[in-house]
Amino acid sequence: MRVDGIIFADERLIAPLRTDPALEQVANVATLPGIVGASLAMPDVHWGYGFPIGGVAAMHADGGVVSPGGIGFDINCGVRLLRSDLVASEIRPRLEPLADALFAAIPSGVGARPGQRLALHDLDEVMCKGARWAVERGFGWSSDLDRTEERGEMVGAIPGDVSHRAHERGADQLGTLGSGNHFIEVQVVDRVLEPSAATALGLEVGAVTVMIHCGSRGLGHQVCTDHLTSMDTAAARAGIVLPDRQLACAPLGSPEANAYLAAMAAAANFAWANRQLIGQAVRAAFERVFSTPAVRLGLELVYDLSHNVAKIEQHHVAGQRIALCVHRKGATRAFPPGHPDVPAEYRAIGQPVLIPGDMGRCSYVAVGAPGAMELTFGSSCHGAGRSLSRHAAVRLLRGVDVAKQLGAQGIVVRAERRDLLAEEASPAYKDVEIVVEVSANAGLIRPVARLRPLIVVKG
Amino acid sequence: MTTSPPMRRRPRRPVPPRVADVSPLDSRGHELIPHTADVGLMARAGDLAGLFEEAAAAFSELTADLTENVPSGERATESVTLCAHDLISLAFSWLNELVTVSELRRSAVTGARVECVDVAPEGAGARLVATIHLVPFGGVTARRHTSVKSATFYRLSVRQFESGWRLTAYLDV
Numbered sequence: 001m002r003v004d005g006i007i008f009a010d011e012r013l014i015a016p017l018r019t020d021p022a023l024e025q026v027a028n029v030a031t032l033p034g035i036v037g038a039s040l041a042m043p044d045v046h047w048g049y050g051f052p053i054g055g056v057a058a059m060h061a062d063g064g065v066v067s068p069g070g071i072g073f074d075i076n077c078g079v080r081l082l083r084s085d086l087v088a089s090e091i092r093p094r095l096e097p098l099a100d101a102l103f104a105a106i107p108s109g110v111g112a113r114p115g116q117r118l119a120l121h122d123l124d125e126v127m128c129k130g131a132r133w134a135v136e137r138g139f140g141w142s143s144d145l146d147r148t149e150e151r152g153e154m155v156g157a158i159p160g161d162v163s164h165r166a167h168e169r170g171a172d173q174l175g176t177l178g179s180g181n182h183f184i185e186v187q188v189v190d191r192v193l194e195p196s197a198a199t200a201l202g203l204e205v206g207a208v209t210v211m212i213h214c215g216s217r218g219l220g221h222q223v224c225t226d227h228l229t230s231m232d233t234a235a236a237r238a239g240i241v242l243p244d245r246q247l248a249c250a251p252l253g254s255p256e257a258n259a260y261l262a263a264m265a266a267a268a269n270f271a272w273a274n275r276q277l278i279g280q281a282v283r284a285a286f287e288r289v290f291s292t293p294a295v296r297l298g299l300e301l302v303y304d305l306s307h308n309v310a311k312i313e314q315h316h317v318a319g320q321r322i323a324l325c326v327h328r329k330g331a332t333r334a335f336p337p338g339h340p341d342v343p344a345e346y347r348a349i350g351q352p353v354l355i356p357g358d359m360g361r362c363s364y365v366a367v368g369a370p371g372a373m374e375l376t377f378g379s380s381c382h383g384a385g386r387s388l389s390r391h392a393a394v395r396l397l398r399g400v401d402v403a404k405q406l407g408a409q410g411i412v413v414r415a416e417r418r419d420l421l422a423e424e425a426s427p428a429y430k431d432v433e434i435v436v437e438v439s440a441n442a443g444l445i446r447p448v449a450r451l452r453p454l455i456v457v458k459g
Numbered sequence: 001m002t003t004s005p006p007m008r009r010r011p012r013r014p015v016p017p018r019v020a021d022v023s024p025l026d027s028r029g030h031e032l033i034p035h036t037a038d039v040g041l042m043a044r045a046g047d048l049a050g051l052f053e054e055a056a057a058a059f060s061e062l063t064a065d066l067t068e069n070v071p072s073g074e075r076a077t078e079s080v081t082l083c084a085h086d087l088i089s090l091a092f093s094w095l096n097e098l099v100t101v102s103e104l105r106r107s108a109v110t111g112a113r114v115e116c117v118d119v120a121p122e123g124a125g126a127r128l129v130a131t132i133h134l135v136p137f138g139g140v141t142a143r144r145h146t147s148v149k150s151a152t153f154y155r156l157s158v159r160q161f162e163s164g165w166r167l168t169a170y171l172d173v
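Chains X and B, in that order, are what the protein sequence lines are. Numbering follows my numbering, in which position 428 of the first sequence is assigned residue number 428; successive positions increment by one, without gaps. Numbering follows my numbering, in which position 59 of the second sequence is assigned residue number 59; successive positions increment by one, without gaps.
Next comes chain B alone, as it looks inside the complex:
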């Protein structure tokens, strides 16, 4: 993991409330990490669902400039279910889902609500169910910031610590 200072740190945008939020709020957050050609992100949360939500929040911060108040008429959602053979691959798929949905819907990702992240023991598979929150680019609410080509496996990690979980990823921009 890089030892460089955080690239940008903004107050976390409101995330739609989770059904059962058991993560300690003070442990949640994200940072963007400098990289010579690309951009990294680090998310942390008390549980895996919160972790993947924070990764979406980091992605949102990287890719869009949003106004504080999003008119309800502009909001949209995309429901996704992802399966992968392990937790790292699931993180790769999740970040790439954000890339693709944003591109195909021509919309900014404003956040996500992750219903569940199930991980089978001994790398026997992982699954995520989530709703991605979007607002269209082109209006007054959302302006494009950095364009992401893809998430990468480079230094991609999802690790559990005593205080919760941490995800580190690098994105090709």
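In isolation and in its complexed conformation, chain X is listed as follows:
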């Protein structure tokens, strides 16, 4: 190990981790060339591949490496949150038709949009412009871009570094949710913990919100696959000895690293366009069900963030300001108040940090805190983090109708495969309340509001 591994946890979170392969993965990441400070694990850390999920590693921009395994296959998987002027009592009588409208409007599962295949030049434009591509075509409001990380458009994207096969996989998947842990939730704010920040974010107790979790679909998966293969040979050529081939990497500035970062940015932009389109489809579904324009419903974007990406950022290390390539795999950027990369309207409160929990309990909205810059290169948790494998969750919930159970809690569910809901049910996840508490106690975030699910749409 070139540096220490640091895990942010309390006794409740660290106990089950003591025998978890995630610890070995934290140690493996600490061997990568050019790593600065420590190999970090956020409180939601769990077993992944290569990097742990919830892993953060910053590499010297000069002399360090970039590792696609430190970003993951779902490049720019992220979370988008919309708020509204609706309150829970207005929406409860229409939960069923709203759930149907959302499920019908946004293709889920591994499906594509049949008959809506993008031409190659359009797809390349999506990969260059990101969310702006969608807004320019009427799929969204200009204010959406102001409230999206990187304005939904990562610079340096080169579609030419994205393979033909990745183009093929992405051509008919724009505006689709995907499967696994991806979801759309209609929620209600049930608790405000920091009123001034909540007001700045447009959140108040009783208000209805919509949370969207998805990424770059097959296009991003293929980008990672392609470049992982090229870096596998590049790492060997550079004499980099790896404890895990999934950590394949290339020196920053090398042709392989440059090509990956350009393709990663292209995939990240695809993901931002994807969430932009889904967000607009959500607005349209609300408009149909409530027969009211989305503007009048106040369906504004709160924020859209990425939790699977690498970025070149400036950080203070040992009293010096240096450029680092910060890998966040299942970790959210959490810049504090005053940081120039936080949107102007949120600069006084810090970057919004959106933390999905699980479909039966709650999610959180927080903001970045100064401790994040001191301890984690401006990062925090990205969710609750899984605690059970899919198999274990299914075994635990054998005979339980998860949708019915959620229905008894007043939560309406729509899913591509109702019988697979057990894989994503509450017992499969850590308690997000604990994860948020630990993140806050470490000084990484300040919790702002808690959100309870009303509708869950699963891929």
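These are calculated hints, taken from the structure and not from any lab test. This structure is a prediction, so every number in the text was calculated from the model and none was measured. Some hints here could point you the wrong way.
As the list claims (entries may be wrong) - Computed footprint of chain X on chain B, listed as stretches where at least three residues anywhere in the stretch have a Cβ under 8 Å from a Cβ of chain X:
#	stretch
1	39-53
2	96-103
As the list claims (entries may be wrong) - What follows is a list of derived Cβ distance ranges for each label pair:
#	chain 1	residue 1	chain 2	residue 2	range
3	X	HIS164	B	ARG143	23 to 31 Å
4	B	GLU115	X	ILE322	49 to 57 Å
5	B	ARG127	X	HIS316	29 to 37 Å
6	B	GLY123	X	PRO427	27 to 35 Å
7	X	VAL205	B	ASN69	50 to 58 Å
8	B	GLY139	X	VAL205	47 to 55 Å
C-beta: ideal position from N, C-alpha, C; glycine also.
Got chain X; can you put chain B on it based on the hints?
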């Protein structure tokens, strides 16, 4: 390799007959391995061609629920030739080929016939020629199960034992 119990074990589905099957039948099989966020698979067979077929069978079990009898009119095939710089990379490419073909053809992988797996000595390259068997999703024959984003290099191994070969892989789902 994990010591966790097998995740699911079903009787192996019929695989199209191989041209020259020299592997002892009782050594062939596959298992799905639990993983907190993703899924692992382990395949075993008497020779490399059988091993890669078993990996395809494991992939099929993970990703699709199939009826016992597939109408011949629904069946389709995709021929592939893959080259890689070593056997591990070939396994990575093979599993990812299954992911991509299934996604692009919107079809379930029902199995594969691997014609040959050639491995040059001392990591000088590896090559696979195979036919992937498919049936379209959306009909009564095939329903989607777990969606796979990609195979990974994490703990990916292809090892020869006295009794045959074993492949272990983890897939991002």
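Hints, verified against the model:
For the stretch 39-53 of chain B, the stated coverage by chain X is not satisfied: 1 residues place a CB nearer than 8 Å to a CB of that chain, which falls below the threshold of 3. Counting residues of the stretch 96-103 of chain B whose CB lies closer than 8 Å to any CB of chain X gives 4, which reaches the minimum of 3, so the coverage claim holds. Checking the proposed 23 to 31 Å range against HIS164 of chain X and ARG143 of chain B shows it holds: the Cβ atoms sit about 30 Å from each other. The supplied range of 49 to 57 Å is met by GLU115 of chain B and ILE322 of chain X, whose beta-carbon atoms lie about 54 Å from each other.
The beta-carbon spacing between ARG127 of chain B and HIS316 of chain X, approximately 51 Å, falls outside the hinted interval of 29 to 37 Å. The hinted range of 27 to 35 Å is not satisfied by GLY123 of chain B and PRO427 of chain X, whose Cβ atoms lie roughly 45 Å apart. Hint check: VAL205 of chain X to ASN69 of chain B, Cβ distance near 57 Å, so the stated range 50 to 58 Å holds. Separated by about 48 Å at the C-beta atoms, GLY139 of chain B and VAL205 of chain X satisfy the suggested range of 47 to 55 Å.
Checked against the numbered hints above, the structure breaks hints 1, 5, 6 and satisfies the rest.
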